[in-house]
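J.: Sequence:
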Amino acid sequence: MKLSAIAAASLLAILLAGCGDQKRIDELEGQLKKAKEDIVSMSDMIQSTKFEDEFLKEIHESNSYKTFPSKPSIAGYDLARETLAGQHIITERVWGGNKVNEPLVEVIAPLYWLEDRWPDRMSKTGLMVDDGLWWCRDVAVATRLAMSTSLKREDVDRFNLAISRAASQCVIALSKPR
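Heads up: the sequence shown at position 60 corresponds to 60 in UniProt numbering, and the numbers run straight through without jumps.
Since the hints were made in silico from the structure, they are not lab data. For every residue, glycine included, the Cβ atom is placed at its ideal position computed from N, Cα and C. Hints are all accurate, no fakes.
Restricting the straight-line Cα-Cα distance to at most 30 Å, the calculated cross-link-like pairs of lysine-lysine (DSS-like) are: (1) Lys57 <-> Lys99; (2) Lys99 <-> Lys36; (3) Lys176 <-> Lys124; (4) Lys34 <-> Lys23; (5) Lys23 <-> Lys33; (6) Lys99 <-> Lys34; (7) Lys50 <-> Lys71.
Label pairs and their calculated CB-CB ranges: (8) Thr149 <-> Lys23: 23 to 31 Å; (9) Met122 <-> Lys33: 30 to 38 Å; (10) Met128 <-> Phe51: 23 to 31 Å; (11) Asp53 <-> Glu102: 15 to 23 Å.
Please construct the entire structure, taking both the sequences and the accompanying hints into account.
T.: Structure representation (structure tokens):
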């Protein structure tokens with residue numbers, strides 16, 4: 001699972017944290033414990049059927065989703081529509097002036113969920129998805145990275161170009177006549 005990579009990276013940081021700097025090791029162990037708790041919380045939310053049903057309903061009712069017609073005969077097309085609409089909903093939550101009480105639950109977990117719905121790119125199913133539609137998955141990935149970075153109060157400008165490009169390419173792929 002992708003979330004376990006966070007825990008592995010944190011553990012590696014603890015192991016490499018300056019031989020004998022006990023204060024720093026204790027600090028990193030605390031961060032690891034918090035990261036593990038966050039991972040469990042996010043995993044529980046992602047696996048929640050209620051969350052999926054409510055979020056999918058919100059996605060299907062959104063204008064972003066309705067902008068593009070359904071094309072179930074095209075592998076990955078409807079998933080791409082849902083991903084782009086979900087990303088719009090989440091960015092509206094954050095930048096639309098709404099208060100986000102639990103960013104991990106209300107922002108990061110749904111973005112992980114949007115990303116995790118996609119098949120592995122090189123799998124049999126993934127290879128059937130049109131190359132252009134993968135930009136829609138990339139929108140969710142870039143947005144998740146930007147949001148995670150902004151929660152840590154780090155510079156997020158580097159992600160804005162990636163999000164804009166992925167979103168533009170996603171819209172182009174969805175608009176392409178087939």
